[in-house]
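K.L.:
The task is simple: from the sequences and hints, build the whole structure.
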Amino acid sequence: MEKKVIKYWSDIFKQEITMTVDEKLNKIDERKMAPRKQEIANKQLEKIKDFLPKQ
Amino acid sequence: MQYEVYQDLYIKKGYGVFEFLSIGRRGIIPKRIVFAPTEYDNVYNLVFGDIDMDGEINDYSISDNGDRNKILATVTHAIDAYLNSYPERLIFFAGSTKGRTRLYRMAISLNFEYLSSKFEIHCQTDTGIYPFKKNMEVVGFLIRRKL
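In the order they appear, the protein sequences are chains A and P. Under this note's numbering, the residues of the first sequence are numbered 1163 to 1217, in order. Under this note's numbering, the residues of the second sequence are numbered 420 to 566, in order.
Honestly, I wouldn't trust all of these hints.
[Claimed, not checked] Footprint (simulated), chain P over chain A, 3 or more residues, beta carbon under 8 Å:
(1) 1166 to 1175
(2) 1178 to 1185
(3) 1197 to 1208
[As the list claims (entries may be wrong)] Using C-beta positions, here's what the derived DEER-type ranges look like:
(4) A:K1189 with P:E556: 35 to 45 Å
(5) A:T1182 with P:M555: 22 to 32 Å
(6) A:K1176 with P:E475: 29 to 39 Å
(7) P:T544 with A:E1201: 29 to 39 Å
(8) P:E475 with A:E1185: 30 to 40 Å
(9) A:R1193 with P:L529: 16 to 26 Å
(10) P:S528 with A:D1212: 22 to 32 Å
(11) A:E1201 with P:R519: 10 to 20 Å
These aren't lab readings, by the way, just hints derived from the structure by calculation. Note that the Cβ used here is the ideal one computed from N, Cα and C, for glycine as well.
P.N.:
Shown next, in the form of structure tokens:
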């Protein structure tokens, strides 16, 4: 299968960065990564309700 | 900004996951960055660390590979690429230890003038969320693209 390659010019670092879409990474579910870190972040973010724009 | 960046990255379609190889004095160490959704709308948690033998992220490892600035620049690039695709999203990140959170604060402080032209940077503290200030005692950071 042909790999999708993205050539990204970084304005921040003034250089080209190559990003290749990887089928192995496409199978990763971000929601299931590092559940302990997610739990900590959700707790740390409790005060964000006051910070976020009201819906 | 004048930093080297790892220029060959592997990504998940949609930029939710990035991987790259840290190459330094201790060898080649695979790294992964994940933008994981939190309980809050449009707020994503940046998880970053070495990839363990079992494929999990280890954010406590000290790789001491002599390329710290290059790694931090690569993570910054990932944030930039991610927020270019999702300008409405906020990214939250914190170090796995207080020392690492301080390191991130120092790195932001050193480059704040430039970074603040591109991003809104806020600090999560024990009492609330405030605009970034140098030397502030923080538990994490919130970043979004300046529109």
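K.L.:
Hint by hint, note whether the structure agrees.
P.N.:
Right, here's what the structure says about each hint:
A count of 7 residues in the segment 1166 to 1175 of chain A with a Cβ less than 8 Å from any Cβ of chain P is obtained; the coverage claim is therefore met, three being the minimum. Look at the segment 1178 to 1185 of chain A against chain P: 7 of its residues bring a Cβ nearer than 8 Å to a Cβ of that chain, three or more, so the hint holds. With 7 residues carrying a beta carbon less than 8 Å from a beta carbon of chain P, the segment 1197 to 1208 of chain A meets the three-residue requirement, and the given coverage holds. The hinted window of 35 to 45 Å between K1189 (chain A) and E556 (chain P) holds, with their beta carbons roughly 40 Å apart.
The hinted window of 22 to 32 Å between T1182 (chain A) and M555 (chain P) is violated, with their beta carbons roughly 38 Å apart. With their beta carbons about 34 Å apart, K1176 (chain A) and E475 (chain P) fall inside the hinted range of 29 to 39 Å. Taking the beta carbon of each, T544 (chain P) and E1201 (chain A) are about 20 Å apart, not inside 29 to 39 Å as hinted. Taking the beta carbon of each, E475 (chain P) and E1185 (chain A) are about 19 Å apart, not inside 30 to 40 Å as hinted.
Judged by the Cβ atoms, the range 16 to 26 Å given for R1193 (chain A) and L529 (chain P) is violated: they are separated by roughly 33 Å. As the Cβ distance of S528 (chain P) to D1212 (chain A) is approximately 25 Å, the hint placing it in 22 to 32 Å holds. At about 18 Å, the CB distance of E1201 (chain A) to R519 (chain P) agrees with the hint of 10 to 20 Å.
In terms of the numbered hints stated before, the structure departs from hints 5, 7, 8 and 9, listed from lowest to highest.
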